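*Asks:* Taken in order, these protein sequences are the chains called A and B. In terms of our numbering, the first sequence opens at residue 1 and continues consecutively. In terms of our numbering, the second sequence opens at residue 181 and continues consecutively.
If you are wondering where the hints come from, they were derived from the structure by calculation, not from laboratory data. These numbers come from a predicted model, not from an experiment. Backbone N, C-alpha and C define an ideal beta-carbon position, used for all residues, glycine too. Heads up, some of the hints might be wrong.
What the hints assert, rightly or not - Sample of chain A residues facing chain B (criterion: CB under 7 Å; computed from the structure):
(1) 5
(2) 31
(3) 33
(4) 105
Unchecked claim - Take a look, some chain B residues computed to stay more than 10 Å from chain A by CB distance:
(5) 241
(6) 263
(7) 276
(8) 279
(9) 280
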Amino acid sequence: MVNALFFILAGLAIASAISCVYHKNPLYSAISLIGVFLSLASIYLTLAAPFIAVVQILVYAGAIMVLVVFVIMLLNLDEDKPITRLRYLFPIGGALGLVLLAQTMFIFYAVTKAPQPASDAGLEVGKTMSIGTAMYTEYLLPVEIVGVLLLMAIVGAMIMSRRMREPKIELVKKAEAEEA
Amino acid sequence: MEPGLGSYLALSGILFTIGATGVIFKRNAIGMFMCIELMLNAVNLTFVAFSRHYGDVTGQLFVFVVMSVAAAEAAVGLGIIITFFRNRISVDVDDASILKN
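Using the sequences and the hints, build the whole thing.
*Replies:* Right, dumping it as structure tokens:
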């Protein structure tokens, strides 16, 4: 049962991922990517990790993809132009992808051949409480670092996307005109 | 019957490769950004699969950290893309050649 579910969800995830890479229109890519996130969230549920599954939907399918779709609509992007330059490098890119796939498969194969612990893992592991306990006791420092990182990202994003050239000069000119 | 660790790792490897190939082939900055998110998700799947396999909560905690970094990356990366679009009226990475020469 779980096996069939896994294969359905895995097929869905791979198909959505391929469609995300294949589509030229960024909006279609974004919607396919949401499909990948949702199927991965379902796979996390079958892996007894409900907290991660919910956070996956909230953060990825919710926050990040809404941001991406907003930017796509804001910029009013056209479809990708067909590639004219360096066309002959395409097969090399595909070959590099296949090599990468072979490497990851080899590494993962080697890992599964390693000595394995008894797999009667506790079912408490994925629960919100166990994650929260670990987060605020053993792994407090990484959590604090993540907080600082998010603060830095907020400040950086605000500074970067602010218009900072003409407006000041215009304000000064307007003030001068009003004084005169 | 439950799928073993190997199935999850295989799925993760396939997703990671699709994401990496997308980064190679796409020229649209937003498309590349989405492919990077795909790769991060593949790694997250590996973490959760190992966490389940070894019965250790650390893997899931690391997924949380990876998600936070992805959120920070989204904020900063999309800020960069918007600024770039404002200066060039394009998000094609081939147009980002101001540092060339």
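*Asks:* So, for every hint listed, does it hold in this structure?
*Replies:* Hints and how they fare:
no.: 1; hint: 5; result: violated (9 Å)
no.: 2; hint: 31; result: violated (11 Å)
no.: 3; hint: 33; result: holds (5 Å)
no.: 4; hint: 105; result: holds (6 Å)
no.: 5; hint: 241; result: violated (5 Å)
no.: 6; hint: 263; result: violated (6 Å)
no.: 7; hint: 276; result: holds (14 Å)
no.: 8; hint: 279; result: holds (17 Å)
no.: 9; hint: 280; result: holds (14 Å)
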